[in-house]
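S.K.: Protein chains in written order, with the numbering used here: chain A, 1 to 158; chain B, 159 to 406.
Check each hint, because a few of them may be wrong.
What the hints assert, rightly or not - List time: in silico DSS-like cross-link candidates among lysine-lysine, alpha-carbon distance up to 25 Å:
(1) B:Lys357 / A:Lys4
(2) B:Lys257 / B:Lys357
(3) A:Lys4 / B:Lys257
Honestly, the hints are just simulated from the structure, not real lab data.
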Amino acid sequence: MDEKARAIEELYRARYSRFLNMLVTITGNWDRAHDAVQETFARAYAARARWRGDSSLETWVWRIGIRTALGLRADFDPARLNGSFDPALVETQRDPSLAEALRALPPQRRLVVFLRYFADLPYADIARICGTSEGTVAATLAQARESLHDALVEEEVK
Amino acid sequence: MNDFLETRFEKIRDDSEGDWPDVLRRVSKRGRRRRLTVLGAAVLGVVVLVPAALALRTTFIDFFQSEPAPQRLVLDFARQDVGAPPGLENHVIYEQTRKIFERRIDNGQVLTLWVAPNRRGGFCMALVGPRHPGGFGCLWGPSPLSPTIEVAGPITRSGVIEGGPFLVWGSVGVDRAETIELHYEDGAVESQPLTWVSKPIDAAFFLFDVPEAHWLQGHRFDRLVVRDGKGAELRSKPVSFRVPLLPR
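Next up, chain B with everything else stripped away, as it sits in the complex (with noise of 0.2 Å):
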């Protein structure tokens, strides 16, 4: 009877699969009132991307429930508005700084991305490893892409890139973001998921580790793009590197 049973129920049974970057999606408009803030686009300085340790699709992170950085990093995040001019403080919230990834990249080095909220409205992170002092930046107002560029160098004065690792990091806020895109002059495209925050953050991360093969003028990348779940473009920004102006 119990068997009999069984055979009924699983033949009317649907056997349909999920969406859980949908259920993710859910999670993060519960606490999504606030749209993300772009502050810097460009920084040139110096790190280091690698694309090998991606996750394999979106993820979502509990912001409060994240690592809380160890107490130099709170300080690095606090030290940050000392000395800066009045009205151009960032007001960062330093003691809730958190870890948002870890990535290994091509060198073998560890990167972990650190943000923290300010009272801005927005959020600031680092980008930190144990031989890359940490390229720092703060967003203070609503940025659907805000991308930073990093190059460890050197640099020649004619714009060769003579040394990596060279970087393209930074935050999304395009409601229903799942992927971004690099895309490069020749035509390649590396594709990412995105690393999505809660609140207070709400914002999606990535970090693209540009191969050595494209440093070279031509084949550098010239486009970054964000795209939902079903491929569709949700944003796209021109992006290029620029050679620094570099003391005589």
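Bound conformation, chain A alone (with noise of 0.2 Å):
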């Protein structure tokens, strides 16, 4: 096996469990996530040669993986994040409050928040991800953690 088949194999073992937590907000059921990331994988592993070390693994995967999602929609335009799909927690009941608080947000912002705490990738792999700057990314989680604290400790409050 070549190193970079190793290191997608690793990644895959590794990180399985974050990615289906962050596809499935974008697929909206586990069964179609699994298969999202079974798909990511595949898709990468088939295409590796192709991977040339301009970003991180994971980046290049994450991205593969977000389209995958997203059924490589011809809409989807990740250098503008421009919202052309809601990610959305599944399973509300888990955290309802938090469900609900997280749909108030602007759709870019979820998604950010959503590569941010499932995905628990650093800012700098969010950047590459949504096609902007590290700034950006930052305001955008600032913002949002704003608006989620406020919902949630209003919510708390009642």
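Please assemble the complex out of the two chains, which come individually in their own frames, going by the hints.
M.R.: What follows is the structure in structure tokens.
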């Protein structure tokens, strides 16, 4: 097995659940999310020769993952993070107030929150995946945290 | 606030584990259009096996990313059709010969399996070691299970194997196959994961080094069984060592 193949397998074994939790916010159900993760890694594995190392392997696979989860929708433009899709929590009963607070965020902020808290990615990777700057990610996350904090504290006060 | 969100998200995360063999199957299916072909079944010759260096799980090899064969091996593959009767050429695409795996066998020798596609819709393969001349075989059509048996010998006329190595190797062309078992007459079973290879080969490969205890009559192998990732039997085939016709 070549080095890239081994690295992809290691990434899969270490990060499967992160991918699953993130991609389910796009696919809307767990079965489709699992399918998206499997397809993501199959595509990455098959195309690994095309990964040139200009971004981290994980970032490259995440981009494939999001595109796969979106079903390669033509209207997805990662460079603009334009909210053309609408990631959301599934099984909202696990934390209804968090689900509701997240629903109130604009889709692009929600995506960044999910990439940070489900995928556990650093700002730099989120920026590369979303085709934006690290500063924009930091600002987006700060705004999102503030909104979520307000909403969740309000909910606790009630 | 940051920790607060992390805690909330942690509580709703799913921590299930993935299924890497399924990823490899998907990779394989992306390229799978053709079925395997089986040509030779049992070839008596010389070889050695080793279960010691077996991989722990099913692996997948992207054929064209695998190591190309050195020139001398390419020439060996090219020579296979020299002098073949008309209509019986393998039409091996020798310049595409690639390494599939290396295994160290019990006697310390390292054997390498080399494979090249052919224009018959199958592939040709050779198991080669420094002191092993290389068993060579080709498949022309689909074959779910194609074993080759090799004994270094010597073998007595009554069938006693006096020298090894004693190898069973070959290919599997059954979808979802992940492991292969070698069953012995005395009830013992050896299992190993398969090594899948992408198109144009589109087959999985295996190599058993039969332990000396199983060279004896009554303890020899009698069956190969192919199983999926959940242990379900996909294919079974009787295999047995037959005493070759020895010159008087």
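S.K.: Evaluate each hint against the coordinates.
M.R.: Hint by hint, here is what the structure shows:
1. B:Lys357 / A:Lys4: Cα-Cα ~19 Å, so holds.
2. B:Lys257 / B:Lys357: Satisfied, since the Cα-Cα distance of roughly 14 Å is no more than 25 Å.
3. A:Lys4 / B:Lys257: OK: A:Lys4 and B:Lys257 at ~17 Å, within 25 Å.
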